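Protein chains: 6
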Amino acid sequence: MNWLDEGALYSSIGLFLREDLGRGDITTQSIIARNTRARGRFLAGEKMIVAGLEAAEEVFMTLDGEQQIEAFASDGEEIEAGKVIARTTGFADILLAGERVALNLLQRLSGIATLTNAYVRAVAGTEALIVDTRKTTPGLRMLEKYAVQMGGGRNQRFGLDDAVVIKANHIAVAGGISEAVRRAKEAVGHLHKIEVRVSNERELQEALKNGADVLLFEDLNVEELARLILLSREVSPAVKIEYSGNVTLESVRGYAEAGADMISIGAITNSARAMNVSFQMQQF
Amino acid sequence: MNWLDEGALYSSIGLFLREDLGRGDITTQSIIARNTRARGRFLAGEKMIVAGLEAAEEVFMTLDGEQQIEAFASDGEEIEAGKVIARTTGFADILLAGERVALNLLQRLSGIATLTNAYVRAVAGTEALIVDTRKTTPGLRMLEKYAVQMGGGRNQRFGLDDAVVIKANHIAVAGGISEAVRRAKEAVGHLHKIEVRVSNERELQEALKNGADVLLFEDLNVEELARLILLSREVSPAVKIEYSGNVTLESVRGYAEAGADMISIGAITNSARAMNVSFQMQQF
Amino acid sequence: MNWLDEGALYSSIGLFLREDLGRGDITTQSIIARNTRARGRFLAGEKMIVAGLEAAEEVFMTLDGEQQIEAFASDGEEIEAGKVIARTTGFADILLAGERVALNLLQRLSGIATLTNAYVRAVAGTEALIVDTRKTTPGLRMLEKYAVQMGGGRNQRFGLDDAVVIKANHIAVAGGISEAVRRAKEAVGHLHKIEVRVSNERELQEALKNGADVLLFEDLNVEELARLILLSREVSPAVKIEYSGNVTLESVRGYAEAGADMISIGAITNSARAMNVSFQMQQF
Amino acid sequence: MNWLDEGALYSSIGLFLREDLGRGDITTQSIIARNTRARGRFLAGEKMIVAGLEAAEEVFMTLDGEQQIEAFASDGEEIEAGKVIARTTGFADILLAGERVALNLLQRLSGIATLTNAYVRAVAGTEALIVDTRKTTPGLRMLEKYAVQMGGGRNQRFGLDDAVVIKANHIAVAGGISEAVRRAKEAVGHLHKIEVRVSNERELQEALKNGADVLLFEDLNVEELARLILLSREVSPAVKIEYSGNVTLESVRGYAEAGADMISIGAITNSARAMNVSFQMQQF
Amino acid sequence: MNWLDEGALYSSIGLFLREDLGRGDITTQSIIARNTRARGRFLAGEKMIVAGLEAAEEVFMTLDGEQQIEAFASDGEEIEAGKVIARTTGFADILLAGERVALNLLQRLSGIATLTNAYVRAVAGTEALIVDTRKTTPGLRMLEKYAVQMGGGRNQRFGLDDAVVIKANHIAVAGGISEAVRRAKEAVGHLHKIEVRVSNERELQEALKNGADVLLFEDLNVEELARLILLSREVSPAVKIEYSGNVTLESVRGYAEAGADMISIGAITNSARAMNVSFQMQQF
Amino acid sequence: MNWLDEGALYSSIGLFLREDLGRGDITTQSIIARNTRARGRFLAGEKMIVAGLEAAEEVFMTLDGEQQIEAFASDGEEIEAGKVIARTTGFADILLAGERVALNLLQRLSGIATLTNAYVRAVAGTEALIVDTRKTTPGLRMLEKYAVQMGGGRNQRFGLDDAVVIKANHIAVAGGISEAVRRAKEAVGHLHKIEVRVSNERELQEALKNGADVLLFEDLNVEELARLILLSREVSPAVKIEYSGNVTLESVRGYAEAGADMISIGAITNSARAMNVSFQMQQF
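Protein chains in written order, with this note's numbering: chain E, 1 to 284; chain V, 1 to 284; chain A, 1 to 284; chain B, 1 to 284; chain C, 1 to 284; chain F, 1 to 284.
Keep in mind that the hints were calculated from the coordinates and are not lab data.
Don't take every hint at face value.
Identical chains blur together in the list; that is why a pair holds if it fits in one copy or across any two.
[Stated by the list, open to error] Computed list of lysine-lysine pairs in BS3-like fashion (alpha-carbon distance at most 30 Å, straight line):
hint, residue 1, residue 2
1, K240, K185
2, K209, K167
3, K209, K185
4, K83, K47
5, K209, K240
6, K47, K209
7, K240, K193
8, K83, K209
9, K193, K83
10, K240, K83
11, K193, K167
12, K83, K185
13, K193, K47
Here the structure is a predicted model, which means the values were calculated and not measured.
With the sequences and hints as input, model every part of the structure.
As structure tokens, this is what we get:
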């Protein structure tokens, strides 16, 4: 299910390390003798869906290809508080140099996977998929979308270039849905579908008449959404429906039961809290 | 108070745009005629300390140097829900190309500034400063530390290279506080102080005897912290005290009143939720 | 119709200039006095569809922002032999430094646009679209796909990441069409269609039964193609058909009349000859 | 004979792969199970001088250092249609990720080598060398000049910085050949020769009188060229002669027999068609 | 004592090699058969403190990971004229490609270490430390500061961002020492000290009253310096004193005996002469 | 005479600034109010040939395009102690941010120009040219060779790729001069000459017989050099002679009078001391 390649996922890890290391780790280099060997272990401080373990391994491997890492869980797995997620053996200065970047990634990505998974469970048994948005941290989109996958969510667009989604601002400037959908269908190739945001019956009719493949509804209550979905499917039985806006862990099931195929949630990537993971070292 | 230079703060904005734009904005370029002019406005959806407004301007300027932006608030200012934060005029395709990256930055940085500020207010009237940590998003450290400043917080280390902080993992590997502090004092230049993590009376004595300038206490209750601070100041009246661990908006004032000079909180950078800001466009 | 953004199109022009200039233009700097002003003009040596004129302008602008360029044609326009395409005024050393890179781009991209256009004309009046492939020059994909657009062709995938096309090698390794299509449909989001290469009736049935949106036929004669298209449309009236292989300017119309929706041709990008364009200078 | 270093030749291969892979290979990652092993083979579809085989190997090695490649031909070797050029064994997803970039390089570079070689054979037995020009694809100059070598051609300048060639535009702006040659001789070091374009007897005399080492004649018929070469050698027996313009596979021998030392041909790099090479995979 | 990390120290070696190699080593590739093996040795032409040996090894390793290098001295060691510093075995073309860059680094860094060491010996027995400045070669700061360490010197600031030093130009613009020191103390965190340049008694008093941790005196004679140091220590016994200006190998001991804690010398990095080291090869 | 282009000369200035600024200028940003305007002037502390003034301007322009700079001297001009070289007006924080990098370049490059010029004057009236070597600071080759030009010296090779010089290590590995020269003549194009290092009569004869264009003599006394030059010119009157080794300001004229065409001196780039230049600011 994960088609992101490692080159793209982990291409910034060198930059992340440089950001933290700068000209070098003064503390460690002052205190720890060269070639001191040590062990470290990542410990889960709470229950979570783990994500970013491979990224954390990549952090240490980037610093020193000889590092040995033994993982006791996999990205996407649910683990309990107290679980030792991975153990790493190597030079003390390498472990100390990579510790913070590894933890920052692991805590953040696990937070996203865990929050995503809570939404996925909340709609279990319905047809709805939980999907992400472009509301990701600048510079971390690939990693955060990977974490969404690990939590059981699906990815929407990776950028403005890989799919057509006509939103409110486009329509405001383009001057109408019909024209916008028509132009988009003509412009994009035979391998892409057209999604368009509609807010009422008239717009819905207009979008479908011009060949929209997917409708996006935003900021509705559950009843209104249900009514508009029904209407859409009467007009075009194969149309896909995405819903977005005001979705919480409490309200999400209602939107799913209203018949949405996809429920997209910005909060899973931009408002997840970091999971509690620590890294504890000891001399070898 | 902000000594971060713009080159360093905004150096990644081109990368952030490329991440979102990829090969180009299919939707907009298919739908909107070239040279269509439009207006957009950033609207606050809730009360917040705004941060990232200059970054958002930089996003549009990076795309098109001719863009006109009028700001109605400044980074660090508190604004109410419904406030129009800024207005921007220019080409519709530029506004649509920059919208998401600008919002992602503005929402995240305002979230950090607002949460930081809540902690700053919670300790108002005490001597304690709220300081950040290295628990920042990889790739965004500078921007996030800037947001902390905008919320009234102070910055700690920017990386492993600009200050010496001896933590539990260092001591575990180095084999003792005395030796670690001694080596650090000898190694670093005459312009840096030495901070060391201590967990009890004996360690505190050892650290101060060897010349530590700042003590770091972690994961204590308020009473225990107060006791150890008193003791530290008896031994070394000028010593500075940092406290970290288990700090919430409810508990923070207690730690401040216990006498900590600095209270460092990872959550202000790694667990702030995105603020509600929207961008609304209309044709010119 | 062109949704490629200029940042992506022209991002390598600095590198192209550096490749040619290296440490500097020995000849010009030895011979021509600084600040000598000159005029240059691009002259078409044969009839062609021009493409790359904006790229050529970008070359000079990259060297010197003050350069003045007056274009007498637009990318996508057909021009006759002898036509002065553009005139440029500025410093002689800037014109001489940019001349070769500008010409190399203009000649190559016009060659692609002209060859593409010959195919487009050959199928005029049919429903078939001429589309490009990933058989582009490494490093120039965006520019070459832009040139295809200028010649009236359509673009297929820009890379392996923006659409799903299951080809012979995939099927050889995956072990069968049915499984491959099923997995692909499950993995990719709601905004992408699935194209699959089939070579006979059985494969065609299998692909359509599992939900393929587009069929790709390769290396067939016209009659066989016509027969398989008919069959495909009986099974699935809305299916789109792409044909590829053995297409020449002579044979292309036959394939179009056989009912293909898209005819993809690698030669338009990897075997077009450079158009004859020259750059003539005189002192000001 | 090849002094180009591999660092310079292959430095862009990572970029070429990123251009094609973008965020990852959706198709393969959706369909093929991780760690599936496969074999692939490069097959020549026509007779050709092969070039770019090392580049193709580099493509796979860049993706995965463990890849095994067995070559059955060498760059510069003539092979027949049907020849298996190389066999590669490894992970299926690596082979599919690198296939297109490897083929694009191999087809293009073999096309250049083969066309160059046709010209080299056409002048066999004369003293003339076939040389390339700066009319190369932007970004591929090193690789294309390498392919020229593989076809038996010689390289001229690699950029504006490694040799002095005074062409028509220089003379138009500088105001005369004598002055131009004099200035050039003074400016460049003791390790470079001076080449100058002349179009008639007067210019030829002027160039040689001022110390030109090489004369460049352009766009002449064979008789006129022969006459001017004779005259040049009367004035300066050691002078080298380059000819350029209107050279075809039919006309080239005439120019060679007229006495040119070097015949430079832009078409060998900017108008060679891609050779027919395919890559066929099977599961292991 | 050396906390600079290798990533930061050696990150530019690839660029240094590219600067020298450009498109490749014409001479070697023309003359030496591929895969010729050879030996080379670095020979000291004079007595010196060696520095840059690890950098030189890194040069060859960057070109070819299989290179074998045997060092007979370590960075920081004093060696005599005639000493073979290291021996390297590998491909002749690799040795010839890396020779010049390796020598340029080794000669320059050894020059800095040797000159630094001469100053360190000149103050032996006093309390004064020899420290470097920001007067380093642009692009080589890390390597040059490493060489200073190897010569027994200490490093001051690595950049404008890792310590506060208020110099004459700051005071001229800020309008006074008191205000400048006050603002600096407030702005920088709890881990940095404040150094300020003072030129007379009044400034000294002002600086110390406002909490300066380190005083910088410049361009004084020894007597005047001694007098001002005495006065400073009366006011603030713990204050550290740096002296800078007019320091030569002859005068430095005087300044040290006057009581300066640190004597900073720009010449050790910007005016050291290259040491005599040669590289001699022979066929294997 | 200077054919180096500005793109190549100044391409690293952004890196140089980043090296010094890091995360920002703590001192200035803490102390100086934003938008404070100031004046600065570069003052010569001794007599020198100035070089690097344009580089210094580029430093400030890189930081802030609006900066105003008025130069009172030009690169290559001789100036006296006390001369104000340039005045710059702008924001105080920009001046303070660029000061050190600008000075480091100006002092170093003026040092090289001044030392080069001393050698040029020492051989005045002879035919000999003073030329540089590849013994330059890694990363600064272009700027240092520019400084050599400003001092009246000539540039030799810019890298291993732009000329053929066969030195002792090549001959040791290649196994003889004759073979080496023959192969080199065959390999390099018609625009390059061949230089070869010879150490005695036999080698000289061998080199010339095989067509060497330039001979390089090393480490000889004046008489021996004179004798070998005479001999060389008997064999080949047009041959050029370079001498290198043991050249000082005292000995250089002797080598020039012995008849060398070029005298190459590594010390002018790797052992010049920095010139005394200061930068003095005042508030506006």
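Cross-check of the supplied hints:
1. In this homomeric assembly, K240 and K185 come within 30 Å of each other (Cα to Cα) both inside a single copy, at 16 Å, and across copies, at 14 Å.
2. In this homomeric assembly, K209 and K167 come within 30 Å of each other (Cα to Cα) only inside a single copy, at 17 Å, whereas the closest approach across copies is 33 Å.
3. In this assembly of identical chains, K209 and K185 lie within 30 Å of each other by CA distance both inside one copy and across copies; the values are 12 Å within and 25 Å between.
4. For the identical chains of this complex, K83 and K47 are intra-copy neighbours only, at 9 Å inside a copy versus 40 Å across copies, given an alpha-carbon limit of 30 Å.
5. Taking the shortest Cα distances, K209 and K240 sit within 30 Å of each other both inside one copy (14 Å) and across copies (20 Å).
6. In this assembly of identical chains, K47 and K209 lie within 30 Å of each other by CA distance neither inside one copy nor across copies; the values are 48 Å within and 41 Å between.
7. In the homo-oligomer, the alpha carbons of K240 and K193 lie at most 30 Å apart both inside one protomer (11 Å) and across protomers (13 Å), since each shortest distance falls under that limit.
8. In this assembly of identical chains, K83 and K209 lie within 30 Å of each other by CA distance neither inside one copy nor across copies; the values are 55 Å within and 38 Å between.
9. In the homo-oligomer, the alpha carbons of K193 and K83 never lie at most 30 Å apart, since the shortest distance is 44 Å inside one protomer and 37 Å across protomers.
10. Neither within a single protomer nor between protomers do K240 and K83 lie at most 30 Å apart by alpha-carbon distance, with minima of 41 Å and 36 Å respectively.
11. Taking the closest pair of Cα atoms, K193 and K167 come within 30 Å of each other both inside a single copy (15 Å) and across two copies (21 Å).
12. For the identical chains of this complex, K83 and K185 are neighbours neither inside a copy (51 Å) nor across copies (36 Å), given an alpha-carbon limit of 30 Å.
13. In this assembly of identical chains, the alpha carbons of K193 and K47 never lie at most 30 Å apart, being 39 Å within a copy and 38 Å across copies at closest.
Going through the hint list in order, the structure does not satisfy hints 6, 8, 9, 10, 12, 13.
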